[in-house]
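S.K.: Given chain A, work out where chain B should sit, using these hints.
2 protein chains.
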Amino acid sequence: MKRACVTGGAGFIGSTLADRLSADGAEVNVVDNFRTGRREFVAGLLERPGTRLFEGDVLDAELMREAVRGCDWVFHLQANADVRHGLEHPLRDLEQNTIATSTVLEAMRAEGVTKIGFSSTGSVYGEPEVFPTPEDAPFPLQTSLYAASKLAGEGLIGAYAHGYEFTGLVFRFVSILGERYTHGHVFDFYRALRADPTRLRVLGDGRQEKSYLYVGDCIEAIMTAVGAHEETPGEAAVYNLGTDETVVVDDSVARIVAHMGLEPEVEHTGGKRGWKGDSPLIRLDCTKIRSLGWAPTLTIPEAIERTLDWFEANPDIVLEPEGSAS
Amino acid sequence: MKRACVTGGAGFIGSTLADRLSADGAEVNVVDNFRTGRREFVAGLLERPGTRLFEGDVLDAELMREAVRGCDWVFHLQANADVRHGLEHPLRDLEQNTIATSTVLEAMRAEGVTKIGFSSTGSVYGEPEVFPTPEDAPFPLQTSLYAASKLAGEGLIGAYAHGYEFTGLVFRFVSILGERYTHGHVFDFYRALRADPTRLRVLGDGRQEKSYLYVGDCIEAIMTAVGAHEETPGEAAVYNLGTDETVVVDDSVARIVAHMGLEPEVEHTGGKRGWKGDSPLIRLDCTKIRSLGWAPTLTIPEAIERTLDWFEANPDIVLEPEGSAS
Chain A
1 MKRACVTGGA GFIGSTLADR LSADGAEVNV VDNFRTGRRE FVAGLLERPG TRLFEGDVLD
61 AELMREAVRG CDWVFHLQAN ADVRHGLEHP LRDLEQNTIA TSTVLEAMRA EGVTKIGFSS
121 TGSVYGEPEV FPTPEDAPFP LQTSLYAASK LAGEGLIGAY AHGYEFTGLV FRFVSILGER
181 YTHGHVFDFY RALRADPTRL RVLGDGRQEK SYLYVGDCIE AIMTAVGAHE ETPGEAAVYN
241 LGTDETVVVD DSVARIVAHM GLEPEVEHTG GKRGWKGDSP LIRLDCTKIR SLGWAPTLTI
301 PEAIERTLDW FEANPDIVLE PEGSAS
Chain B
1 MKRACVTGGA GFIGSTLADR LSADGAEVNV VDNFRTGRRE FVAGLLERPG TRLFEGDVLD
61 AELMREAVRG CDWVFHLQAN ADVRHGLEHP LRDLEQNTIA TSTVLEAMRA EGVTKIGFSS
121 TGSVYGEPEV FPTPEDAPFP LQTSLYAASK LAGEGLIGAY AHGYEFTGLV FRFVSILGER
181 YTHGHVFDFY RALRADPTRL RVLGDGRQEK SYLYVGDCIE AIMTAVGAHE ETPGEAAVYN
241 LGTDETVVVD DSVARIVAHM GLEPEVEHTG GKRGWKGDSP LIRLDCTKIR SLGWAPTLTI
301 PEAIERTLDW FEANPDIVLE PEGSAS
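Protein sequences, first through last, are from chains A and B. According to the numbering used here, the stretch in the first sequence is residues 1 to 326, in order. According to the numbering used here, the stretch in the second sequence is residues 1 to 326, in order.
Take these hints with a grain of salt, some might be off.
The calculated label-pair distances, taken between Cβ atoms and stated as ranges, are [as the list claims (entries may be wrong)]: (1) B:K2 with A:D188: 43 to 51 angstroms; (2) B:E62 with A:G44: 29 to 37 angstroms; (3) A:V130 with B:A110: 32 to 40 angstroms; (4) B:D24 with A:G56: 49 to 57 angstroms.
Computed, partial: chain A to chain B, Cβ under 7 angstroms [stated by the list, open to error]: (5) L63; (6) D136; (7) F139; (8) A148; (9) A152; (10) G163; (11) H183; (12) T299.
Derived from the structure by calculation, the hints contain no laboratory data. Just so you know, even glycine gets a beta-carbon here, dropped at the ideal spot from N, CA and C.
One chain only, chain A, in its complex shape:
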């Protein structure tokens, strides 16, 4: 790979992927509007020769054309990641996930760039009947605007692969943990406990089972799939990315609390779901990506510990007031 474009390239997963691509010898075009992406995450990368920053929005068609020009691969990781509050902003997922994916694909088509990797989500399976859930599990109607918008993005990628000879790799992620992780359960719990070490409010009944994957393992899986699809024009493929384990929310709370040396009073808001559209259990069958030779290197508890270590080493990032500019 000579040059790659990473949207959301200053975000948690995007900047980690961009670093890896650069380390592997590719020049990287980073697209980010720094709404949730952070300048610290790309400071090192931007000093490397060949890295270019395209500061702006993925919905900006002209910017995206410039950003994908001359690239071998585009990794479209930018997304509205505020899954939980989707119902308060029903157009945000449509715009920032579905329409943005269309904008990226159109920019690629205009520039003759045809290989795309896309970050989707295991929550497109809704509340599946089969665990672990394989890629070809039956689909229910979607229950969250986030998952609906990601499934719409998958559909566009499939149609571009079939219609315009694109190569499309759709990655259905579980939740990702590790260095630069700045939103989600573990982050929220850590911050809440820093603010008030005496109590912790847990959404739902605490029995929701979640799957996590270490960010380094996630990037390795993406690179493995890319290696297998360098010469498959017209093909779109879906890969579940996760571990074979799950962790119960209350158990990850216990681990965080122990790591911090605290004994808070834990209060559960009750109910099977943390919020409307929350999946009480996500566990993905990752046989397909494993068949390419990939396997995760960290267990979920190890990934949680790695994340907590990073939190402690980066209080300026983790503990900054919510909504402050990055």
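M.R.: Using the frame of chain A, we list chain B on its own:
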């Protein structure tokens, strides 16, 4: 039902549904921009007391709010139906199907209207492994922009049902035939043979199997599902709508040719698919809608004959130059 809104209400299926709703005693708000809808199709309806016409685009948020205000049900049938040429206009399906569905849902939410029926398509199943294909068949990645945009609309409806207590009925249609049918295989073949009775060009190898359903049976199925979901807030349900038969493209050609008394030379362009994204076989398992007591009244050959009779009675509509204003 006291008042209903029908988008695409001057179109083939929309105007037929609007007539039925009005005959059943509902007042009807018709939304249509008359791009493919036709004034002839709603002329009678508009003379009935209580019918209101909202002339304009479904993407017009303000118009849609006015159109759904005070309605018990919204039937969102407007769509870009130019399935075959999707690749020439890759944004059209996104705008007119996906984004338009979001606009309709947002208008409903703003006006406190929560029941929606939506016309989706059996082509969301792609090239399924199971025939007849049930509603919970595994999903492949989408292969056409049209099906991708319809699946995106389904996802939005599911998310609104789950998140905002909407009732969502998703109807996955096979191709519909009957009075007012003005696009698709049978229409194209009839027009081509009228223009040149000596030859007919058939896309693909002519062996593609298609399912059709008579429009009157389609409307009856919709009304049956509506009756079953008057009091199911928060629920989204999918219903396949079709017959248990299929017809091979060449056989429907033979029927049309015989009906017209012609003996053209039939030329096949070859290949399993008529066009990129075409499904070589669609046959839906309609057990679910049948379990509510519905059954089709016409066979596919009868529906084709009914359609041809209507063509012959309406040469002014069927034979007008393509692209002429209606």
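S.K.: Taking the hints in turn, state whether each one holds.
M.R.: Each hint, compared with the structure:
One distance hint, 43 to 51 angstroms for the beta-carbon pair K2 of chain B and D188 of chain A, holds here, with the actual separation near 46 angstroms. As the Cβ distance of E62 of chain B to G44 of chain A is approximately 49 angstroms, the hint placing it in 29 to 37 angstroms is violated. A beta carbon spacing of about 38 angstroms between V130 of chain A and A110 of chain B agrees with the range 32 to 40 angstroms that was offered as a hint. Range check, D24 of chain B to G56 of chain A: about 53 angstroms between beta-carbon atoms, so the 49 to 57 angstroms window is met.
Annotation: L63 of chain A was flagged as interfacial toward chain B, and the flag is violated, the nearest CB pair being 17 angstroms apart, outside 7 angstroms. Interface hint status for D136 of chain A: upheld, as the beta-carbon distance to the closest one in chain B is roughly 4 angstroms, under 7 angstroms. A distance limit of 7 angstroms between C-beta atoms decides the matter here; for F139 of chain A the minimum to chain B is near 4 angstroms, and the interface restraint holds. With a cut of 7 angstroms, the hint placing A148 of chain A at the interface with chain B holds, because the nearest CB-to-CB distance is about 3 angstroms.
Against a cut-off of 7 angstroms between C-beta atoms, the interface hint on A152 of chain A holds, since the closest Cβ of chain B lies about 3 angstroms away. At about 5 angstroms, the closest approach between the beta carbon of G163 of chain A and any beta carbon in chain B falls short of 7 angstroms, and the interface hint on this residue holds. Among the interface hints, the one on H183 of chain A is violated; its C-beta lies about 20 angstroms from the nearest C-beta in chain B, farther than the 7 angstroms criterion. For T299 of chain A, the suggested interface contact is broken, since its CB lies about 30 angstroms from the closest CB of chain B, more than 7 angstroms.
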